[in-house]
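Please build the complete structure, drawing on both the sequences and the hints.
Protein chains in written order, with numbering that gives the first Met the number 0: chain A, 0 to 449; chain B, 0 to 417.
Warning: the hint list may mix true and false statements.
Sample of chain A residues lacking proximity to chain B, with all beta carbon distances greater than 10 Å (derived) [unchecked claim]:
#	residue
1	Leu90
2	Pro186
3	Thr260
4	Glu334
With a straight-line cut-off of 27 Å between C-alpha atoms, the simulated DSSO-like cross-links for lysine-lysine are [said to hold, decoys possible]:
#	chain 1	residue 1	chain 2	residue 2
5	B	Lys12	A	Lys430
6	B	Lys396	A	Lys445
7	B	Lys3	A	Lys340
8	B	Lys36	A	Lys345
9	A	Lys182	B	Lys402
Just so you know, the hints here were simulated from the structure itself, not pulled from any lab data. Don't be surprised by glycine CBs; every beta carbon is placed ideally from N, CA and C.
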Amino acid sequence: MSQDIRIKKGLDLNLVGVAEQTFQKEVASATFGFYLDDFHALTPKLRLKEGAEVKAGEPLFYDKNNPDIQFVSPVSGELVAVERGERRKILSIRLLADKNQEYVKHPKLSVGEASREELLGYFLSTGLWPFIKQRPFDLIADPKQTPKAIFVSGLNTGPLNTDLDFVLKGSEDKLQAALSALKKLTPGAVHVTVASKKNSVFSTLDDIELHQINQLHPAGLVGTQIAQIDPINKGEVVWVVGAQDLVIIGELLLTGQFNATRAIAVAGSRVTSPKYIKTKIGAELGPILEAIGVQEGDNRFIAGDVLTGAQVSSNGHLRYYATQLTVIPEGNDYEFFGWNKPVFNKISPTRALTFSWLNKNKAYDLNTNTNGEHRAFVVTGSYEEVFPLDIYPMQLLKACMVKDLDEMEQLGLYEVAPEDFSLTEFICISKQSHQAIIREGLDILKQELG
Amino acid sequence: MKQKLHEIKERVKDKKWAPAFNAIHTFLYTPNEVTHKGGTHVKAADDLKRTMNTVILSLVPCLLFGIFNAGYQHYSAIEGFPQDFSIFEHFVNWRNLVVGLTTVLPLLIVSYGVGLAIEFVFAVIKGHEVEEGYLVTGMLVPLIVPVDTPLWMLAIAVAFGVVIGKEVFGGTGMNILNPALTIRAFLFFAYPTWMSGDKVWVHGAVDGVTKANATDAISGETILGYLAQNKTDEMTYSLSEMFYGFIPGSVGETSTFLILLGGLFLVFTKIASWRIMVSAVLGALAMGLMFNAVVDFGWIQSYSKFYSLMAFDFWKHLIVGGLAFGIVYMATDPVTSSQTNRGKWIYGFLIGFISVMIRVFNPGYPEGVFLAILLMNVFAPTIDHYVVQANVKRRLKRAQHAKIYPANEPATLETQTV
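The structure is reproduced here in structure tokens:
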């Protein structure tokens, strides 16, 4: 067993509206949606036309640059709409679900006997591949590459995140199947990091290297864990899989069915009684919100958490990788002398007449106001307080802004994903868009040197 | 009012002078801006205005003290220092306040008026929002000049400092030199006779106000002035006067006590870097100790012109002159100081070290802190470069053991549907 990991730098955002650990009765969503933004830099090629009938697990589209990578339908039903943008770029795909769900029946695969090549082919053809993401560049993994290790984060530390120990309970066999399969895909280890080696669902599983980390955000971000366990060097590749996606992978390996079911936390200050619900990838928000209840008013709906999630409309759909739905108030209002009066109701990393340091356990009801205007970088040393990686965050951001490839590389851009810069973006006094800057930097680096 | 301003904002948003309106609008109300796509949905409470405002708050005690001290030094020069000093009888009183307000307030108004006007003009020309950097600079400038500085001089210096020191580099956040110190340096090199000597530190001395019951004009020598001229015997200030600041000097720099309080406030609020403050103090003490040692070993004779300053107890350097003010409020400017934590230690230490060195060896003007900080401003990027290179080297070294596997073609299975 490896050493326990302890990070000292970080910030927990304690927000109002933590999901209670009970499941709302499942609701039937009529429509399901794919947003192509979820798959960064992907050029999709549709396999089916509008009006086509599909089964759950049947391929809908594939990656034009890497035709082996299939994206399959989470439900059986009809492909009803393809929304296109400029130059006929596909923006989203909508499916109308059947009452009775039919699944594509894949052959079961015995993980123990399958070779690496067989497993790769299986993952690709059955639509499991998009669950495997890679670093560097934070994209869907390239099946032609061999990763030096695979990482799974077994804990969530972000604001209002799902409790993985709660939602994964009882899925041990599926997790084991998925992890054993992943172990065959890498010559290195499958690293799983959890909050407590004793109590986690991962504690009893084989084929993994288990790590324990203290629960200070961003300890739950896999980027933090990679940096601590086996940092990425230039030229190296690691793969990353979400803990809940392991369940889908495992079930397919065991039963041959692509069951896109996920437990998501519906949380946030605008949710009447925050709790968990089981639903499928891409499910329509409307029925979920109706079942759980959302307060009237100008709300922001976020698929994901408030730091890294994507904004969706109340009649939109869950995002592909989202394991959480957060509803918070919009903040499009002015505040009289908001910049100099004492602040008690917002989170602040400083004590500049802000008082969130007084009570660490207080939960806050934050809205989407930026609390100030965009400015040039002025303050130094504040990002380092919440950034646990051995990287100079501001210097790396500036290298990305001026598109200096050498500096990006030298300062460690290969090691990070945009989400690693979500906390620094949250506390940024100059209100810079760190995640967008890093995303753009990664794209340039990939394009020029990738 | 909120609604009305919102309507005006919408109406003027395409106009060229919109930044000017927005500056005033955002001063009254934090904007209704919400987070946008691809970023965090919530943001922390702090913005640049709050940060700058915190620095200004920490400067208010120094300003108030400076106002009363202007009057106190003026009347003490005329009438002699009171024998049984009482703070409410001799310091915080109406006639000191009147002198202070008529001398210090105009400095403050000119500093803000000229500086902000230039900021607004540049914002409109370049079409960006008015950035808050000058809010602090404007407050610092009157505190670091002699009390009788002519207003026209100050106006020219401010214009120079803001345009050449900051705007030509691209405005707040882009400047290399601390703007307030650029202004101070401009004054010092352009009008040296106004910025040094024994006449400028006390209100009225330049105009030849005479002492009570005598015909000779008043003067006010700073402690460093006495020391530089080896006139230690004539100096009558006690230690507590030096520490609490009842001494002549630039308007806001005299009270080490209040500067210390301001510094603690800035460290507590996490606005200023404690690393820079601590290391600068250490640097000053180190240099002071070395000079003391030179005296102790008898390597310098008492007739040397450096003798008094070198023999001055090393820790006393911290409570006279502008060193404390410079360390707390100038060296910690995040834009012009080192940006890495390790760099801040080096940067701060060298500021303290070089300040005391210049103080002792500069024959014309026995204060070195502003020159030391400006010098280190120039070297801050170099310090950062080497600190960051250590990180880069560590990464390169690690990369030598990289585990890179060759690309392979996976076997593809046909999609099977049943």
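- Task: With 10 Å as the threshold, tell me whether A:Glu334 passes as away from chain B on beta-carbon distances.
- Result: 5 Å, violated
- Message: Checking one constraint from the list: CA of B:Lys3 to CA of A:Lys340, max 27 Å. Satisfied?
- Response: 22 Å, holds
- Message: Please verify that the nearest CB of chain B lies beyond 10 Å from A:Leu90's CB.
- Response: At about 13 Å from chain B, A:Leu90 clears the 10 Å cut-off, so the statement holds.
- Given the hint that A:Lys182 pairs with B:Lys402, does the C-alpha gap stay at or below 27 Å? Within the cut-off at roughly 16 Å; holds.
- Task: Given the hint that B:Lys36 pairs with A:Lys345, test it: the Cα-Cα distance must not exceed 27 Å.
- Result: 21 Å, holds
- Measuring Cβ to Cβ, find out whether A:Pro186 lies farther than 10 Å from everything in chain B. The claim breaks: A:Pro186 does not keep its Cβ more than 10 Å from every Cβ of chain B (closest is about 7 Å).
- Query: Does A:Thr260 sit more than 10 Å from chain B, CB to CB?
  - Reply: 21 Å, holds
- Do the alpha carbons of B:Lys12 and A:Lys430 lie within 27 Å of each other, as the hint requires? With a Cα-Cα distance of about 21 Å, the restraint between B:Lys12 and A:Lys430 holds, given a limit of 27 Å.
- Query: Has the given pair, B:Lys396 with A:Lys445, been kept, meaning a C-alpha gap of at most 27 Å?
  - Reply: 22 Å, holds
Checked against the numbered hints above, the structure breaks hints 2 and 4 and satisfies the rest.
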